[in-house]
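Asker: Using the hints, position chain B against chain A.
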Amino acid sequence: GIQVEQSPPDLILQEGANSTLRCNFSDSVNNLQWFHQNPWGQLINLFYIPSGTKQNGRLSATTVATERYSLLYISSSQTTDSGVYFCAVLLNAGNMLTFGGGTRLMVKP
Amino acid sequence: KAGVTQTPRYLIKTRGQQVTLSCSPISGHRSVSWYQQTPGQGLQFLFEYFSETQRNKGNFPGRFSGRQFSNSRSEMNVSTLELGDSALYLCASSLGGAGNEQFFGPGTRLTVL
Numbered sequence: 139g140i141q142v143e144q145s146p147p148d149l150i151l152q153e154g155a156n157s158t159l160r161c162n163f164s165d166s167v168n169n170l171q172w173f174h175q176n177p178w179g180q181l182i183n184l185f186y187i188p189s190g191t192k193q194n195g196r197l198s199a200t201t202v203a204t205e206r207y208s209l210l211y212i213s214s215s216q217t218t219d220s221g222v223y224f225c226a227v228l229l230n231a232g233n234m235l236t237f238g239g240g241t242r243l244m245v246k247p
Numbered sequence: 006k007a008g009v010t011q012t013p014r015y016l017i018k019t020r021g022q023q024v025t026l027s028c029s030p031i032s033g034h035r036s037v038s039w040y041q042q043t044p045g046q047g048l049q050f051l052f053e054y055f056s057e058t059q060r061n062k063g064n065f066p067g068r069f070s071g072r073q074f075s076n077s078r079s080e081m082n083v084s085t086l087e088l089g090d091s092a093l094y095l096c097a098s099s100l101g102g103a104g105n106e107q108f109f110g111p112g113t114r115l116t117v118l
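Chains as they are written, first to last, in my numbering: chain A, 139 to 247; chain B, 6 to 118.
Since the hints were made in silico from the structure, they are not lab data. The structure displayed is predicted, hence computed values, not measured ones. Note that the Cβ used here is the ideal one computed from N, Cα and C, for glycine as well. Do not take every clue at face value.
Said to hold, decoys possible - Simulated restraints, written as ranges between beta carbons of each label pair: (1) I17/B x T204/A: 22 to 28 Å; (2) Q22/B x E205/A: 44 to 50 Å; (3) S70/B x N194/A: 47 to 53 Å.
Stated by the list, open to error - Going by beta-carbon spacing under 10 Å, a handful of chain B positions derived as facing chain A: (4) R60; (5) F74; (6) A97; (7) P111.
Isolated chain A (complex conformation) (with noise of 0.2 Å):
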């Protein structure tokens, strides 16, 4: 099946710093998505990018289909930004998600 990975699985970083998230994947995929897992365990949406780049407040993601490949950029971090990011992906047929393992994201004061 198909493979994501991302990286960093890690990142603290002090407020106020910019950071990028990397999300690699091992096929062609019909849709990507982007979500914040908060501490309560819900799974936020971030950002639905198949290809392109998109941009919410401090928030922006790109993703290459064509290089298997997206990011997620997240600028003038807040301590509120802490937990963990996911990528997710659609495969071509159906609408079953494929999730990498998470980047887990501390913002210190």
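Answerer: Chain B only, in chain A's frame:
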């Protein structure tokens, strides 16, 4: 528009028992998928239901089953619980077309003693 809701939020069971979890999708969404999250295995797909039919299935034993009702609400059942079934169970809803964006509920945290 209300989000995806899951009940119960927390559950404690003992080995051998069975459990039923419920998920109500976003209004107008016809696809409901279930995922299991454990520290060791991460987030894994269980199954997807669309129009009351199981459309996709992950690699889980037959003790895990589900169904979907005509109003798109879905239930997931786990029979003969094992300690390893302790996990966060997440439900996602989408419009139902291939590749549609999926939205997750808050999850049900199941502990098996």
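Asker: Going through the earlier hints one by one, which of them does the structure break, listed in rising order?
Answerer: Of the numbered hints given earlier, those the structure breaks are 1, 3, 5, listed in rising order.
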